Amino acid sequence: MAGKTLYEKIWENHVVVAPEGEQTLLYIDLHLVHEVTSPQAFDGLRLNGRGVRRPDLTLATADHNVPTSPLSTPIEDPISRRQLEALDENCAEFGITLFPRGHENQGIVHVIGPELGVTQPGMTIVCGDSHTSTHGALASLAFGIGTSEVEHVLATQTLPQQKAKTMAVVVEGTPPPGVTAKDIVLAIVGRLGTGGGAGYVIEYRGDAIMNLSMEGRMTVCNMSIEAGARAGLVAADETTIEYLRNKPGVPEGAAFDETAERWRTFVSDDDAVFDETVTIDAATLAPFVTWGTIPAQVVALDGVVPSPDTAVDADGRESLQRALDYMDLTPGTPLRSIGVDVVFIGSCTNSRIEDLRAAAAVAKGGTVSDRVRALVVPGSRRVKEQAEREGLDKIFQEAGFEWREPGCSMCLGMNPDILTPGQRCASTSNRNFEGRQGRGGRTHLVSPAVAAATALAGHFDAPKVPA
Amino acid sequence: MKPVRIIEGRGVPLERSDVDTDQIIPSEWLKRVERTGFGRGLFSEWRDDTTFVLNQPEYAGASILVGGARFGTGSSREHAVWALMDYGFEAIVASSYGDIFRNNSAKQGLVTVQLDHSDVEELNRLVKEDPSRLLVVDVERLTIEVPEAGWQRHFALDPMTQERLLQGWDDIGLSLRRDEEISRYELTSTAPSLAGVFDHEGHAR
Ligand code: SF4
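Residue numbers (this note's numbering), protein chains in the order written: chain A, 1 to 467; chain B, 1 to 205.
Do not take every clue at face value.
Unchecked claim - Covered by chain A, according to a simulated footprint, are these stretches of chain B (three or more residues, beta-carbon under 8 Å):
1) 8 to 21
2) 27 to 37
3) 152 to 162
4) 165 to 179
Hints are computed from structural coordinates only; laboratory data are not their basis.
Only a predicted model underlies this, so the values are computations on that prediction, with no experimental measurement involved.
By construction, the Cβ of each residue, glycine as well, lies at the ideal position given by its N, Cα and C atoms.
Given only the sequences and the hints, what does the whole structure look like? Please build it.
Structure representation (structure tokens):
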């Protein structure tokens, strides 16, 4: 019999009941909650007289709506304020631990899970948010759900699920200098397309993945959904275990070693068979930028804006043309010659300490271009405090970057950090959809290093890499 | 959820691929805590354009949206489904869907019909030829028809989703009936409780 994939191992450990001809009822080990996709679910519970089955496996944070201005400033938008208040009330009513704005543990839901050590190998994790796949970097099966499912998990701590197909995305070899985890995942999304991963759980494998830090693995898993896959996984190894050591959510001393022994089993067996395998040669990678309005529209920073004629059919030509029109770009234009108005360094893709260190290393001693507004938004209060201990805030501020409070910020247009119509933004976030960062805004996805270099240059640029 | 068996209505040809949930309902609408009223925000950025198909009088009141490839990718927001239904859509036709969107639709009783790309194109043509044509989606027989044009196609739907739509089942109610199995599972569950990690104010112990 063939061995098991990591996905199959975690799945089997969580089957509550698998009735013939029905979906499997899967147990959920951790349910992360935020203000946007939960109020209607809590209302549903109240309407039906239902409670929360396991408040002790449920954790809430405020992230999407929170302003990133100083904590002393009020939340001016009454609708946002109301949504945050609803989260306060719901968590109090149902006994759920909440990290509200200003709390020492507050931050973007996919940043705080791993950094608090509540995301652990072998777990099933859900959240009403498609980037829940981020947590898969720690060998957990983590996926986004809709509000009806949020209500379902609150009430039952389970979800009826259909088993997914498995895909191995193997990135082999050593990437050229200057290529980051973000470039790796942009290349993967470009290769698979926005629908290529639909119906699959992806396991990222190969030495270029396993040589990444935990933060880098999170960046890769984060964007699984941009390739259409609900979940992305990386096997547990010593990097995972060392990352988790001394985190608040994990046991201490001998108990940690015991738990770590169990974590080491969360890898695919050598003879496991994947339904699909895609291999990418890391040596072919470069710093990437998206040029269009879907994340798969990726080109190398040294490349040019593509022509609609590169599409395989009339449909494709039409959608490329629509993307070019929306982005106000002309085919053949070198990416490096395109000026930007805003640079955003943040989001659950790239707002962890390592991301900020990479950006600060580029920003150090430089000056943000006159034409650019540049924001740095740490993913959590813990990241912010760590960065301040390292003096990164000073480096950014001296170069002319804004240093802001943690939250989702300009990743999506739900809080005061938005683009105005027509503004062009180099962003370390994960979605370049039309209007994602504010109505009429134009988003280009990049790595933190490219974002920082672009802020200084005023047009797309990458830090010089030593030859 | 109300049972759904037959949907009869006129169609709207959206003729766009990669319609993500940010387009279906832009995030500024997600600040609301209610479940209703999202219809006004449906495709709100595109509706500013007077030539957008939903602004054309001949498509007013249509209840079946004909989309393109990869409909509903992106964000998990169930608000996208609420917006489509609040606006009056009861079924979507597309050649592929975002996984989470399709799941959310099933929970709300919005029928997602999946057809080959060429069939979607044909349907678009039939609808554009005569916007008053009636379309019929039959969830029991898994067919979509334009009776007046003698056009009919079968579509696939996983049996569980089909059954759920036909019966109007409340998933939560069904799972709650598994209470005994869930409790038994919990006896050996390895899920680490957060009770020992954070105090009542969320500070790490
Ligand atoms: S940072 Fe962006 S992608 Fe991540 S959870 Fe927040 S809004 Fe979603």
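- Message: For each hint given before, does the structure comply? Return the numbers of the non-compliant ones in rising order.
- Response: Per hint list: zero violations.
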